[in-house]
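Protein chains: 2
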Amino acid sequence: MTNPPAATAARENVAALLARLGAAARAAAQPLSLASTDDKNRALELAADRIDAQTDTILRANARDLAEARSRDLTAAMLDRLSLDADRVGAIARGVREVAALPDPVGAVLAEWERPNGLRIQRVRVPLGVIGVIYESRPNVTADAAALCLKAGNPVILRGGSESTHSSQAIYGCLRDGVEAADLPHGAVQIVPTRDRAAVGAMLTMPEYIDVIVPRGGRSLIERVQRESRVPVFAHLEGICHVYAHAAADPAMARDIVVNAKMRRTGVCGAAETLLIDRAAVRSHLPGIVAALADRGCELRGDDAARATDSRIVAANDEDWRTEYLDAILAIRVVDGIGDAIDHINTYGSHHTDSIVTADERAAARFLAEVDSAIVLHNASTQFADGGEFGMGAEIGISTGRLHARGPVGVEQLTTYKYVVRGTGQVRP
Amino acid sequence: MTNPPAATAARENVAALLARLGAAARAAAQPLSLASTDDKNRALELAADRIDAQTDTILRANARDLAEARSRDLTAAMLDRLSLDADRVGAIARGVREVAALPDPVGAVLAEWERPNGLRIQRVRVPLGVIGVIYESRPNVTADAAALCLKAGNPVILRGGSESTHSSQAIYGCLRDGVEAADLPHGAVQIVPTRDRAAVGAMLTMPEYIDVIVPRGGRSLIERVQRESRVPVFAHLEGICHVYAHAAADPAMARDIVVNAKMRRTGVCGAAETLLIDRAAVRSHLPGIVAALADRGCELRGDDAARATDSRIVAANDEDWRTEYLDAILAIRVVDGIGDAIDHINTYGSHHTDSIVTADERAAARFLAEVDSAIVLHNASTQFADGGEFGMGAEIGISTGRLHARGPVGVEQLTTYKYVVRGTGQVRP
Chain A
22 MTNPPAATAA
32 RENVAALLAR
42 LGAAARAAAQ
52 PLSLASTDDK
62 NRALELAADR
72 IDAQTDTILR
82 ANARDLAEAR
92 SRDLTAAMLD
102 RLSLDADRVG
112 AIARGVREVA
122 ALPDPVGAVL
132 AEWERPNGLR
142 IQRVRVPLGV
152 IGVIYESRPN
162 VTADAAALCL
172 KAGNPVILRG
182 GSESTHSSQA
192 IYGCLRDGVE
202 AADLPHGAVQ
212 IVPTRDRAAV
222 GAMLTMPEYI
232 DVIVPRGGRS
242 LIERVQRESR
252 VPVFAHLEGI
262 CHVYAHAAAD
272 PAMARDIVVN
282 AKMRRTGVCG
292 AAETLLIDRA
302 AVRSHLPGIV
312 AALADRGCEL
322 RGDDAARATD
332 SRIVAANDED
342 WRTEYLDAIL
352 AIRVVDGIGD
362 AIDHINTYGS
372 HHTDSIVTAD
382 ERAAARFLAE
392 VDSAIVLHNA
402 STQFADGGEF
412 GMGAEIGIST
422 GRLHARGPVG
432 VEQLTTYKYV
442 VRGTGQVRP
Chain B
22 MTNPPAATAA
32 RENVAALLAR
42 LGAAARAAAQ
52 PLSLASTDDK
62 NRALELAADR
72 IDAQTDTILR
82 ANARDLAEAR
92 SRDLTAAMLD
102 RLSLDADRVG
112 AIARGVREVA
122 ALPDPVGAVL
132 AEWERPNGLR
142 IQRVRVPLGV
152 IGVIYESRPN
162 VTADAAALCL
172 KAGNPVILRG
182 GSESTHSSQA
192 IYGCLRDGVE
202 AADLPHGAVQ
212 IVPTRDRAAV
222 GAMLTMPEYI
232 DVIVPRGGRS
242 LIERVQRESR
252 VPVFAHLEGI
262 CHVYAHAAAD
272 PAMARDIVVN
282 AKMRRTGVCG
292 AAETLLIDRA
302 AVRSHLPGIV
312 AALADRGCEL
322 RGDDAARATD
332 SRIVAANDED
342 WRTEYLDAIL
352 AIRVVDGIGD
362 AIDHINTYGS
372 HHTDSIVTAD
382 ERAAARFLAE
392 VDSAIVLHNA
402 STQFADGGEF
412 GMGAEIGIST
422 GRLHARGPVG
432 VEQLTTYKYV
442 VRGTGQVRP
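Here the protein sequences line up with chains A and B, keeping their order. The numbering of the first sequence is my numbering, which starts it at 22 and goes up by one. The numbering of the second sequence is my numbering, which starts it at 22 and goes up by one.
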């Protein structure tokens, strides 16, 4: 298919624009990797102050985004993600200050040892490189992602969703002011100043300028990024999380964990989507769980064995085991013991976060070892899948990839390492 | 371009073959990740015993490869890499035993902490997944790579060069015997049983079966893999390594390190390719270095300032600063101080291994911080760039990528981690 000349010209302009941003980011990488903790923190604190001071400006920009969004028939959920108020802007500024308060990961000595020939070897944390963040409607990602990348010494190129352009630009202006006031390089934090979707394609295919892509958004964005990217991607496609109620589970604990894992917030990636329950626990445990969920308005879809216990459970099909509802819907499957449960999770899950509830330590140990997910829990809710809950501070996302960063991606996961070797003239025999 | 029908049919057959190998490897991943250290070591020791016992068979297979290679006009260097003798076969068996003797990385607790709510969080090492190793003529890679992958709990699919087919198959047979005798899954170690080059393309594009590709070979192989792969690649494209003789270097130490870094073995990736020398050190240090290298038959290519000191130095051009000679040739550039040296390395180098020779600790600290390479050394030869020399045991290669594995890739670098969280019924507020 041949593109019309106008589209081709526009694409070339976007490619040239992204190459300029990329070159500036690459040029910023070394000075930013050597920037002091104080300078980075000063930039973040000044940016947070600017966000507070500019609240009205940010809200006016957000009102423009919302007006345009309404004219484009966005869903209520999308409008909610997009909309800011003074409290939300205050939370964005606080988030940036929290990142400033985190320990600086750069320069940490991860391991050190001495060789018999006297060489002293250190593995030292260094920044990862230039990070491209591609996100959708949430304007707060502009500040969250930029703050984490900056703290870890990485230049960042932000590409927000077209529906949040004005809000993101206003927040970005505050970050840029902080970077300038702290005398950090201009290329440290940049935003793509065009809504042209060709910008995303350009970011995915410039390994000379961008080292890692972090996509934040819905399934179609993540799938596109994973399909087209020529650079590594830190992403999770889905959080199809399970709670497994083992026969030896305390019934009240199982109920409370399932209710929390499903209903605390249904739209987060750590929300449970499927309950697996041992056949031996169906009579003793399931009625309490079903009653508690039904009381809270949760739709229940189960297999025949589950449905036999309660008429409120409608029939589930194979597709339900593979679905991330992100809604008040829970799939329920009766399993024949722990092996069956583990097989189900490794087959239908998304390697994100899965929990077993049991008083049997041996069963717990087997589950924790054999479930191949970034986070496995015993007797705790899947909704703890969160960098803040892990004590890692803010996170840029939760990775379900196996390489480099797995689980919550915080400042440490936005670094790599180098080997520093000190000798006294050693040559190799 | 349309492929002829026969080629298309062959490609489909190769794709189906690789999909079968991939499915067997994927099926082996969980059992192998849970295999005991004893079982993995038993498989490796039995394989090493078989390699010793089958030396004659392996040498006959190698003789077939060599006969075919001679009829295809391979270079002397390629024939040398391909050829085995009883000593080399013995070294292959010893290498497998050395991997068996390494600590098992799987299950190690990398970090653990407790949260205020009582959740106990551990970061635990787990295998990386299915690894595809694509290599060229060295048949020993068959055993080295398979042993490292197996020890780290990863199924491996080996694809050796067509010129070493018979040798690699013979060595693979010994590994398979070890795997079977230790009752490990059949898919733990597999070799691609076809010379069809379409097999490489298939391996690079099956992320459902292969998690990481490790290419071992020349520039054209690595470039092809990096260009076409849809899965992460652990590779170094080139080792353009530098020694920087700082003005405060001890002259004898600088000479000995340069000579070793260049001449100990010229064909390894850690061999130095460029000497950078401070203008202030040219008169005092360069004549001794040049004399020592010229005595050993090293060709010298320098800039005008270097050439003014010795007529044996021929003119270098810009291309020399970017060339991995892998031969007895050294490029020499005179620099104006440490900033100039660091700029040269970060511009022309390959982010592999670089060394400063100096008695000035502040200069050393700056060099170690600002040179953006996987390995940076002070007062030691670049030829120490080696997993064995680092005390990491055997290595599958040295990575110049920034993500996941950087520097020598040993058994630990062939793992990832998961978070194991233990609670007592915690739900998230």
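Wrong hints could be hidden among the right ones.
Here chain B is said to cover these stretches of chain A; the calculated rule only asks that three of the stretch's residues, wherever they fall, bring their Cβ under 8 Å from a Cβ of chain B [as the list claims (entries may be wrong)]: (1) 68-81; (2) 202-213; (3) 270-277; (4) 381-395; (5) 422-428.
Computed beta-carbon distance windows for the label pairs [said to hold, decoys possible]: (6) A273/A / G128/B: 51 to 59 Å; (7) A129/A / E320/B: 56 to 64 Å; (8) P124/A / G128/B: 23 to 31 Å; (9) A132/A / E320/B: 38 to 46 Å; (10) A112/B / V289/A: 31 to 39 Å; (11) D364/B / R251/A: 24 to 32 Å; (12) G288/B / N138/A: 40 to 48 Å; (13) R93/A / P124/B: 35 to 43 Å.
In short, the hints are calculated from the structure, not lab data. The C-beta atom is built at its ideal place from N, Cα and C for all residues, glycine as well.
Structure-based check of all given hints:
A count of 0 residues in the segment 68-81 of chain A with a Cβ less than 8 Å from any Cβ of chain B is obtained; the coverage claim is therefore unmet, three being the minimum. Residues of the segment 202-213 of chain A lying with their CB closer than 8 Å to a CB of chain B number 0, which falls below the three-residue condition for coverage. Coverage of a stretch by a chain is defined here by at least three residues with a beta carbon nearer than 8 Å to that chain's beta carbons; for the segment 270-277 of chain A and chain B the count is 3, and the condition holds. With 7 residues having a Cβ less than 8 Å from any Cβ of chain B, the segment 381-395 of chain A passes the three-residue criterion, so the hint holds.
Evaluation of the coverage hint for the segment 422-428 of chain A: fulfilled, as 5 residues show C-beta separations to chain B shorter than 8 Å, against a requirement of three. In this structure the hint that A273/A and G128/B lie 51 to 59 Å apart at CB is violated, the actual value being about 33 Å. The given range of 56 to 64 Å is broken by A129/A and E320/B, whose C-beta atoms sit roughly 43 Å from each other. Restraint check, P124/A to G128/B: a C-beta distance of roughly 28 Å satisfies the suggested window 23 to 31 Å.
In this structure, A132/A and E320/B meet the distance hint of 38 to 46 Å, their C-beta atoms being roughly 39 Å apart. Checking the proposed 31 to 39 Å range against A112/B and V289/A shows it is violated: the Cβ atoms sit about 54 Å from each other. The hinted range of 24 to 32 Å is satisfied by D364/B and R251/A, whose Cβ atoms lie roughly 27 Å apart. The hinted window of 40 to 48 Å between G288/B and N138/A is violated, with their beta carbons roughly 23 Å apart.
Evaluation of the 35 to 43 Å hint for R93/A and P124/B yields a failure: the beta carbon distance comes to about 58 Å.
When each numbered hint is compared with the structure, violations occur for hints 1, 2, 6, 7, 10, 12, 13.
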